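J.: For reference, the chains in residue letters:
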Amino acid sequence: MKVVILGCGRVGAYLARRLQEEGHGVTIVEEDSAALDRLGPGFAGEIVVGTGIDEDVLRRAGIEQADAFIAVTNWDNTNVMAAQVAREIFHVRRVICRIYDPLREEIYRELGLEAVCPTLLVADHIHEILAGERGGGAS
Amino acid sequence: MYVIVVGGGKVGYYLTKSLLERGQEVLLIEREPRRYAVLREELAASVMLGDGSEVMTMLQAGMDRASTVVAVTGDDEDNLVICQVAKQRFHVPRTIARINNPRNKNIFGRLGIDVTVSSTEVILAQIEQVIPTESLVHLLTLRNVGVSFVEIEVPAASPALGRPLKDLGIPDDCIFPLVIRREKAVIPYGETVLEAGDQLIAVTSEASEATLRHILLG
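Taken in order, these protein sequences are the chains called R and L. Mind the numbering: the first sequence is residues 1 to 139 in this note's numbering, read in order. Mind the numbering: the second sequence is residues 1001 to 1218 in this note's numbering, read in order.
Simulated from the structure, these hints should not be mistaken for laboratory data. Heads up, a few of these hints could be off.
Distance ranges between label pairs, derived from CB positions [to be verified]:
| hint | chain 1 | residue 1 | chain 2 | residue 2 | range |
| --- | --- | --- | --- | --- | --- |
| 1 | L | G1169 | R | A34 | 53 to 61 Å |
| 2 | L | Q1126 | R | E55 | 21 to 29 Å |
| 3 | L | A1210 | R | R10 | 45 to 53 Å |
| 4 | L | S1205 | R | E55 | 23 to 31 Å |
| 5 | L | A1210 | R | N74 | 40 to 48 Å |
| 6 | R | E21 | L | P1033 | 39 to 47 Å |
| 7 | R | H125 | L | Q1126 | 50 to 58 Å |
| 8 | R | P102 | L | G1062 | 20 to 28 Å |
| 9 | L | R1163 | R | E110 | 48 to 56 Å |
| 10 | R | P102 | L | Y1014 | 30 to 38 Å |
Derived, one-sided and incomplete: chain L residues facing chain R with beta-carbon distance under 8 Å [said to hold, decoys possible]:
| hint | residue |
| --- | --- |
| 11 | S1053 |
| 12 | V1055 |
| 13 | V1081 |
| 14 | R1089 |
| 15 | R1103 |
| 16 | R1110 |
| 17 | L1111 |
All of these numbers come straight from a predicted model, not from anything done at the bench. Cβ coordinates follow ideal geometry from the N, Cα and C atoms, glycine included.
Take the sequences, apply the hints, and build the full model.
T.: Structure below.
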């Protein structure tokens, strides 16, 4: 599988390394070249420096041949726009984006984007841990 | 009619001010506290502090009763999201987005934004009046109705020269409200004959644009 990842933050870098170790073709797109250090010395995938909402940059990253596009910059609106460009212009089969704001995530789900909201995931997980403790104490 | 403007830069500020002068109900949303403080001095209650792409801010601004939303921040991705959320969640009838990168015009249209305005494109059009590289320039596109305002400079080799407008086979969904000839405005009618160097303002459906280009530019 060929995957293009936008955003080399902690999530983007981790995902890039992991997918590459699993044998996938990975290209990472990042605006800030300093952030690319997060990939570590062992990363053998491709790197494109540039903004991910620019069609030319995405083309350089090989989005036309990509099976999946993942938008995980720190900015919700950038992820949303990049994901829609990947879907509407490049017709990438699998497009996933991160949206921190739960209300915006809900809206873009309604519009058909595959969105992941870390805010809700973490809050739900913590809530589950707490609920588990309470349940354990009662039994 | 209630208008919400998002982004208190120069465009947002002067737009809000002009709308207020016309007695329009308008609210400007600015994200940056320092900029907000400056705007507040002049616009008082017509400006609000907040992130205009946040649903909570939109709720507080009364987005559900807005008839028009204008997104004029310096970031295209923010302008896109503001307009999309305004439409999807608050059913705002008309959304207008400023585009900084003219190449984003296409994607904004596909994603349901009613009107896009690109100052880069407008300035480019002005430059091209002096250095004609492209004879047909888009001034404004109303995507939801599929209509464009275009400016066409009639070249010396135009196949449309020497014959009245009514005989050129102009499509029905295309009209010419104005011709600029030797720096004077002329309202054309059926008998008007085009001259080389005329600047023609046309309102055309997107479907007929290619035909129009063919008739006037060859």
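J.: Check each numbered hint against the structure and report the violated ones by number, ascending.
T.: none
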